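Adding 11 to a residue's 1-based position in the sequence shown gives its number in our numbering.
By construction, these hints were calculated from the structure, which means they are not laboratory data.
Check each hint, because a few of them may be wrong.
Pairs of lysine-lysine residues, derived as DSSO-like cross-links and limited to a Cα-Cα distance of at most 30 Å, are as follows [what the hints assert, rightly or not]:
no., residue 1, residue 2
1, K24, K274
2, K274, K177
3, K177, K209
4, K209, K267
5, K179, K274
Derived CB-CB ranges, DEER-like [to be verified]:
no., residue 1, residue 2, range
6, E49, F197, 46 to 52 Å
7, E21, I264, 29 to 35 Å
8, G86, L39, 30 to 36 Å
9, R77, Y262, 26 to 32 Å
10, E121, F197, 19 to 25 Å
11, S199, D271, 17 to 23 Å
12, H30, A134, 38 to 44 Å
Note that this is a predicted model, so its numbers are computed, not measured.
Note that beta-carbon positions come from the ideal geometry of N, C-alpha and C, so glycine has one too.
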Amino acid sequence: MDEITARQAEFLKEHRRHHHLVAFCRFLAFFLFLAAWEISTDLHLIDAFIFSSPSRIVRTIIDMSRDGSIFRHTGITLYETLLSFALVILVSFLTATVLWFSNTVSEILEPWLVILNSLPKSALAPLLIVWLGASTRTIIVAGMSVAVFGSIISMYTAFRDTDGEKLKLIYTLGGNRLQALRCVVFPSSVPSIISILKVNIGLCLVGVIIGEFLAAREGLGYLIIYASQIFKLNYLITALIILCIIAFCFYQIIQKLEHDIRKARNL
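Generate coordinates for the entire structure from the input sequences, incorporating the hints supplied.
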């Protein structure tokens with residue numbers, strides 16, 4: 012028992028060392044990129060007006076923080092993205108459940124879902140503006156449109172790929188389809204659902220930005236378009252960096268959720 016415990020302790024130590032190494036390498040790569048960027052603009056290897064520089068971006072963030080505009084634009088984009096993401100997951104889960112329950116419904120709707128998923132969502136945005144007006148509702152629907160159809164297909168596929176032997180066991184023991192869904196299909200689909208979450212949060216952010224390009228007066232997407240029109244490229248690149256930070260934070264949150272779920276399932 013002592014030997015097993017020692018091996019477990021060594022494994023956990025090695026696991027933590029690996030994660031620390033990965034985090035350090037990520038930070039080092041990011042730092043080297045910023046240093047190369049700053050040095051290149053100082054030596055005039057690249058045009059600072061077009062490509063900006065880390066020091067200019069820091070000054071821009073400070074200026075926007077003083078007037079509160081950076082918090083307003085970021086907060087609006089975050090709100091629209093999170094609401095779109097929540098609605099996509101809800102609609103996908105309910106629709107995939109209905110499709111799993113009824114083979115007839117799935118046979119009818121699956122081709123339509125594939126067709127709708129293949130449509131260029133950026134082309135739908137102007138149509139959404141005509142239908143819904145230039146409002147926050149339009150932006151949220153635009154964010155949903157990028158992710159929802161693919162999410163339904165992926166989630167339904169995960170439900171359908173559940174181990175058939177486990178389902179037979181449930182039915183043999185007298186369970187009904189609802190019990191099979193709750194006790195077998197949902198638990199076995201958790202890893203796939205986590206993967207779908209990782210993809211969808213990024214897609215919703217992209218969809219929201221597309222919507223803000225066309226229908227917003229606030230938000231990071233609006234800031235990008237506005238800055239490009241008046242050639243304030245420091246503001247444009249600052250908005251892009253904030254979007255990268257948001258995407259990274261979303262990824263880390265879902266990664267932590269996945270880690271906690273795996274840990275709970277292994278207990």
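Hints versus structure:
no.: 1; hint: K24 with K274; in the structure: holds, 17 Å
no.: 2; hint: K274 with K177; in the structure: holds, 23 Å
no.: 3; hint: K177 with K209; in the structure: holds, 27 Å
no.: 4; hint: K209 with K267; in the structure: holds, 11 Å
no.: 5; hint: K179 with K274; in the structure: holds, 28 Å
no.: 6; hint: E49 with F197: 46 to 52 Å; in the structure: holds, 50 Å
no.: 7; hint: E21 with I264: 29 to 35 Å; in the structure: holds, 30 Å
no.: 8; hint: G86 with L39: 30 to 36 Å; in the structure: holds, 31 Å
no.: 9; hint: R77 with Y262: 26 to 32 Å; in the structure: holds, 30 Å
no.: 10; hint: E121 with F197: 19 to 25 Å; in the structure: holds, 21 Å
no.: 11; hint: S199 with D271: 17 to 23 Å; in the structure: holds, 18 Å
no.: 12; hint: H30 with A134: 38 to 44 Å; in the structure: holds, 42 Å
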